[in-house]
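Chain by chain, the residues run as shown.
There are 2 protein chains.
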Amino acid sequence: MPELRKDPILGRWVIISVERGKRPKDFTPVIQKKKGGFCPFCPGNEYTTPPEIMAFRPSGTEPNKPGWALRVMENKFPALDVQGQLKKSGEGMFDRMNGVGVHEVVVETPDHYLSLSTMSEKAVEDTLWAYFIRLTELKKDSRIKYVLIFKNEGDAAGASLEHSHSQIIGLPIVPRTVKDELQGARNHFDMKERCIFCDIIDQERADGKRVIYENESYIALAPFAPRSPFETWILPKTHEAAFAPQQKSFKGLADILQRTLRLFDAILESPPYNFIIHTAPFSEEQSEYFHWHIEIMPKLTKIAGFEWGSGFYINPTPPEEAARFMREHEL
Amino acid sequence: MPELRKDPILGRWVIISVERGKRPKDFTPVIQKKKGGFCPFCPGNEYTTPPEIMAFRPSGTEPNKPGWALRVMENKFPALDVQGQLKKSGEGMFDRMNGVGVHEVVVETPDHYLSLSTMSEKAVEDTLWAYFIRLTELKKDSRIKYVLIFKNEGDAAGASLEHSHSQIIGLPIVPRTVKDELQGARNHFDMKERCIFCDIIDQERADGKRVIYENESYIALAPFAPRSPFETWILPKTHEAAFAPQQKSFKGLADILQRTLRLFDAILESPPYNFIIHTAPFSEEQSEYFHWHIEIMPKLTKIAGFEWGSGFYINPTPPEEAARFMREHEL
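Those protein sequences? They're chains A and B, same order as listed.
The first sequence begins at 420 in my numbering and counts up by one.
The second sequence begins at 420 in my numbering and counts up by one.
To be clear, the hints were calculated from the coordinates, so they are not data collected in a lab.
Copies of the same chain look alike in the list, so a pair counts if it fits in one copy or across any two.
Calculated lysine-lysine pairs in the DSSO-like style (CA-CA distance at most 27 Å, straight line):
{"no.": "1", "residue 1": "K564", "residue 2": "K721"}
{"no.": "2", "residue 1": "K425", "residue 2": "K598"}
{"no.": "3", "residue 1": "K425", "residue 2": "K558"}
{"no.": "4", "residue 1": "K506", "residue 2": "K441"}
{"no.": "5", "residue 1": "K628", "residue 2": "K506"}
{"no.": "6", "residue 1": "K444", "residue 2": "K454"}
{"no.": "7", "residue 1": "K425", "residue 2": "K507"}
{"no.": "8", "residue 1": "K721", "residue 2": "K425"}
In isolation and in its complexed conformation, chain A is listed as follows (with noise of 0.2 Å):
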């Protein structure tokens, strides 16, 4: 028989088909060779790009021009607008405001083909720190409530171009997702006194069937609930709230990062994925109730009629059985 599960933070349900029980050959995701041509995140086509807001490239070396090794832009199709204060306005009962706020481009890697499961761990590493400076550099915007970072790789995810690159937007206010979020692990707090997701860790740790990997700093769950098959999620074992280095270094960080990656290269054909580092607004980034983590989604169902009316979803994989798949590979 099916399974229901409750995700313990939002209270989300999601529909475990066991029955289907679909195995990682049972997949075909949507894959796509990068076909190369015209790209403007390439080296030598950086004048065809908003001009950078920041670049790692060995001291010498000119903006905008090549010899970069990572670089970040203003996307040229921005989802919000840089410029301009917030204004609030209605429209009868109707509520709107202007859409204020920013929207980057991390380009991970001057080569077109290698992706942040295939670049080095290195490219990885400065990834991470880009993210970091910007979180950080935006901070100082008043304007800017939230800042969301995330990757779309592939084209069935939602990828318009096929160089490997991430986004950040900051928002003017702190989105639905991560409100709901913080709602439920303050509930967990208010009755515990504790983290809801150190206790998740903790169970999952004793339990060990939903881990797929730790390394010092890190672990990698299949969470107990997840919306999609292979859905994992990476958390700092030692309780922080916002998005950092640990020790001044995102080594490890970039090594549960990657390794996850490839598991999903090796055992799921370089599905297209998503993936979203939930981290606390910058008011609560002492929260001693939100803990920091990264979600991963390898794009492999559809979301369709039954996900849109319910804000149900039906997983065909249990965790237990993908984390088992991903633990047992050997890389």
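With chain A fixed as given, assemble chain B onto it according to the hints.
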């Protein structure tokens, strides 16, 4: 500048990126012409599906044999199991229940190549009657707390079979999206003693710019804060909490539903779409504050990291534009 808009019921924000301002021809929905081939929903293949629960067929014809105009059966690969009693259990801090519920399929026409937009209006009425009859029947099952009726049209919208069909899922709990909608409507009623949907209809009719079509009993609107381009809501113009015929007829609803889908076909080149009937839970069928409606979303954009992480949606077509395109198109 883009605009942030808030859905007045759910408090969900969307970004209407006016700059991107996509017109119908800018979208390239993934359309798949129906391929034909063996189909379990075609007449003559009734033996390959679970037995019919109900059918519209001439008297004298045998169940599970050709001759039917519409057929309802259990889903061959149900997300929930119709057998057994609901059992709730824990796993440490986690909560689960067994997946008791129903999952039925409504095959709307015997003709493999028709869709809701191209079949006869009578066949659309029949489909709505089938929804209503099954909803009424499932109300008698005390294990079922909510019945979700929805349709996925086209592979990109999650339809696994191309023969036109809808789905009915009876759930052992009221899903979160429904609860959130009820709560939003209740908050409005507590403040104003009025149904929020009735208020929306009044404001939209007075204003006109987001109205797509009206007939005697129903109105089709582009909502103020749509998640996707050309999202359309159909609502009864007089207050009604639960999905039901009006004056014992579904004629008016079939008219407006079919007209909407025909407009999609004409303007957006027969896009894949999802629709969901948002009806009150059984316990709230006389509610003064909830107002049933159908939400229809053509599948023109992708859900990616930003949407997953924020619960925000980015919509490149302002609803006023979408409504105007639909209103001005001659069918």
